[in-house]
Amino acid sequence: MGKKRNMILGALLLLAAILAIVILEKQLPPTHIALMVLKKGCIYSLVAVSMNLLNGFTGLFSLGQAGFMLVGAYAYAVLTIPVEARGSVYMYFDGGIINFSVPMLVGLLASGLAALLFAWLIGLPVLRLKSDYLAIATLGFAEIIRAFFQWDKLGVITNGSNMLRKYPTFNSTLFPFIASAICIGIIVLMIHSSYGRAFRAIRDDEVAAEAMGINLAKHKRMSFCVSSFFAGIGGGLLAMYQGSIQAAAFKSAMTYEILLIVVIGGLGSVTGSCIASFLFIASSEWWLRFLDSEMTIGSFKVPFLRAGFRKVVFSVIIMLIVLFARKGIMGDHEFSIDGICRFFRNLGKKKEVKS
Amino acid sequence: MLKVKDLKVNYGGIEAVKGISFEVPEKSIVTLIGANGAGKSTTLRSIVSLVKPASGTIEFMGENITGKDTNEIVAKGITLVPEGRKIFPDLTVLENLKIGAYMRKDNLTDDLNWVYDLFPRLKERHWQPGGTLSGGEQQMLAVARALMSRPKLIMMDEPSLGLAPLIVKGIFDIIKEINRQGVTILLIEQNANMALRTADVGYVMETGSITMTGTGAELLVNEQVRAAYLGK
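If you're matching them up, the sequences are chains A and B in order.
Under my numbering, think of the first position of the first sequence as 5, with each following residue one higher.
Under my numbering, think of the first position of the second sequence as 2, with each following residue one higher.
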């Protein structure tokens with residue numbers, strides 16, 4: 005019964021989610037914060053899952069995610085700005101040197117491929133490093149790439165340190181939802197394939213994995229490239245979400261946000277990363293906003309509340325998580341339909357015992 | 002089947018193996034015994050290229066495999082059961098076994114049944130993470146995982162390390178059984194008594210060189226071996 009039932013329930017859940025999004029979009033004004041959170045949450049889910057593939061499943065501690073998102077975002081924007089708009093976007097560079105533009109989906113694919121290309125190139129030297137050293141090297145890559153894309157000499161392609169805009173974006177929340185869902189689906193398939201098993205074997209014990217005949221260099225590079233590919237697509241989606249991009253925004257703080265999501269969700273849990281993404285985005289953009297504005301109840305002025313206090317509370321929450329829930333929300337477990345069924349069955353049993 | 006000639010290996014700046022030669026005939030059990038630091042593990046690790054030999058040749062089934070990539074050597078039919086078991090603690094028992102067969106892309110059902118027959122305990126626990134097994138069960142898993150690649154030669158690095166005597170006996174029974182089914186075995190051990198009782202041929206290693214050779218039975222009664230390794 006298990007598999008078939010799970011497939012049906014899974015499909016129903018997905019349908020319910022799509023339906024919920026459609027209804028929300030009908031009911032709420034298009035700029036409502038809930039919709040923004042949903043969109044950004046979808047994108048961050050994808051990037052977090054891609055980072056989890058690398059950090060949680062393969063055990064490679066990389067901090068280059070923002071760099072790959074930047075590459076993806078730029079690849080998308082540069083390739084999809086309509087020809088007639090190029091003159092005004094590249095106003096300091098005589099309209100740039102690219103005089104064609106590709107459709108949206110091709111651009112999105114290109115954003116992944118561009119990130120993959122960069123990952124492949126820097127993966128050759130960098131993946132020989134382990135743990136902290138790998139983190140430092142990838143972090144360095146992300147910083148260099150950010151400066152590189154703002155270089156004046158590259159302005160004819162990247163528009164230097166100026167904004168890229170006027171490229172096609174999405175309006176419906178369904179677009180990032182479906183795009184992310186497809187990408188995450190592919191990552192999940194990969195994790196459950198023999199490649200995924202090899203990744204986890206490398207994470208558990210490199211020497212033993214090598215002794216089993218797993219080619220360490222090849223598999224690490226594969227994981228790195230796949231992770232970067234999807235981070236690139238995430239970057240492309242983020243560019244669409246924001247409507248305009250600038251290399252300066254892809255700071256290492258962005259990588260840390262994503263790392264935070266991965267850790268809060270649980271290293272090695274795809275569903276954990278997704279849940280944590282929505283929680284993180286919702287709290288940072290919406291639920292904790294009230295902390296930033298002064299509030300008076302009657303004549304009593306609530307202390308501490310002022311611009312920036314949100315960040316303080318956020319940091320405290322993070323410290324609490326690290327101290328008391330080190331494994332994150334999901335640990336390395338997955339949120340599954342079987343799990344929910346078991347939960348309800350156990351709930352039923354307890355009630356029977358009581359009555 | 003396996004011929005090692007003048008193998009020298011440097012390990013961390015010292016010459017860990019100083020030019021040893023030995024042979025493992027097909028379908029036999031060969032053991033290398035010796036104290037800590039004699040270079041036994043380094044020898045095994047260099048056979049599967051986990052460390053690169055400084056000089057010498059390693060020949061497997063008439064083919065020179067010196068310095069080839071580990072995955073190629075595994076594909077040719079040599080598997081190492083690493084020292085200290087080194088199972089994958091967060092992977093389930095079944096996943097551990099599947100990783101063992103990573104170099105093969107064909108159907109695994111027969112092989113799974115084969116190792117489950119040898120180790121019924123693993124079948125009962127196939128869904129558990131490897132890290133939750135007891136020490137003996139982890140050693141069984143390490144051996145079973147190595148068998149999943151259908152090796153012609155299986156090399157075991159101290160399979161009795163840290164296990165209770167009764168379990169050690171069980172492991173050695175399994176080793177004999179695997180050998181009876183046609184797998185050649187190269188075993189290194191500090192538990193010289195058990196190893197020599199099981200082996201057809203034994204080599205004694207001391208600080209990087211082979212100092213004695215003989216059949217298992219011969220070495221068992223050899224005065225020097227008895228004094229140095231059997232505590233008599």
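Hints are supplied without guarantee of correctness; some may be wrong.
As the list claims (entries may be wrong) - Sample of chain A residues with no beta-carbon within 10 Å of chain B, all distances over it, derived:
(1) Met108
(2) Lys134
(3) Phe152
(4) Val192
(5) Phe313
As the list claims (entries may be wrong) - Simulated coverage check for chain B against chain A, where a stretch passes if three residues somewhere in it have a Cβ under 8 Å from a Cβ of chain A:
(6) 75–82
(7) 85–95
(8) 98–104
Hints are computed from structural coordinates only; laboratory data are not their basis.
Quick caveat: nothing in here was measured; it's all calculated off a predicted structure.
For every residue, glycine included, the Cβ atom is placed at its ideal position computed from N, Cα and C.
Legend entry - Outcome, coverage hint (the segment 75–82 of chain B, chain A; C-beta under 8 Å; three residues): holds (count 4)
Inset, instruction - Examine each Cβ of chain B, and state whether all of them lie more than 10 Å from the Cβ of phenylalanine 313/A. - result: holds (40 Å)
Inset, instruction - Hey, is phenylalanine 152/A genuinely clear of chain B, shortest beta carbon separation above 10 Å? - result: holds (35 Å)
Inset, instruction - Count the residues of the segment 98–104 of chain B whose CB lies closer than 8 Å to any CB of chain A, then report whether that count reaches three. - result: Per the Cβ count (5), the hint holds.
Inset, instruction - Closer than 8 Å, Cβ to Cβ, for at least three residues: run that test on the segment 85–95 of chain B against chain A and report holds or violated. - result: Result for this restraint: holds, n = 6.
Inset, instruction - Verify that the Cβ of methionine 108/A lies farther than 10 Å from every Cβ atom of chain B, and report whether the claim holds or is violated. - result: Holds, since 38 Å exceeds 10 Å.
Inset, instruction - Hey, is lysine 134/A genuinely clear of chain B, shortest beta carbon separation above 10 Å? - result: holds (16 Å)
Legend entry - No chain B beta carbon within 10 Å of valine 192/A's: holds (16 Å)
Checked against the numbered hints above, the structure breaks none of them.
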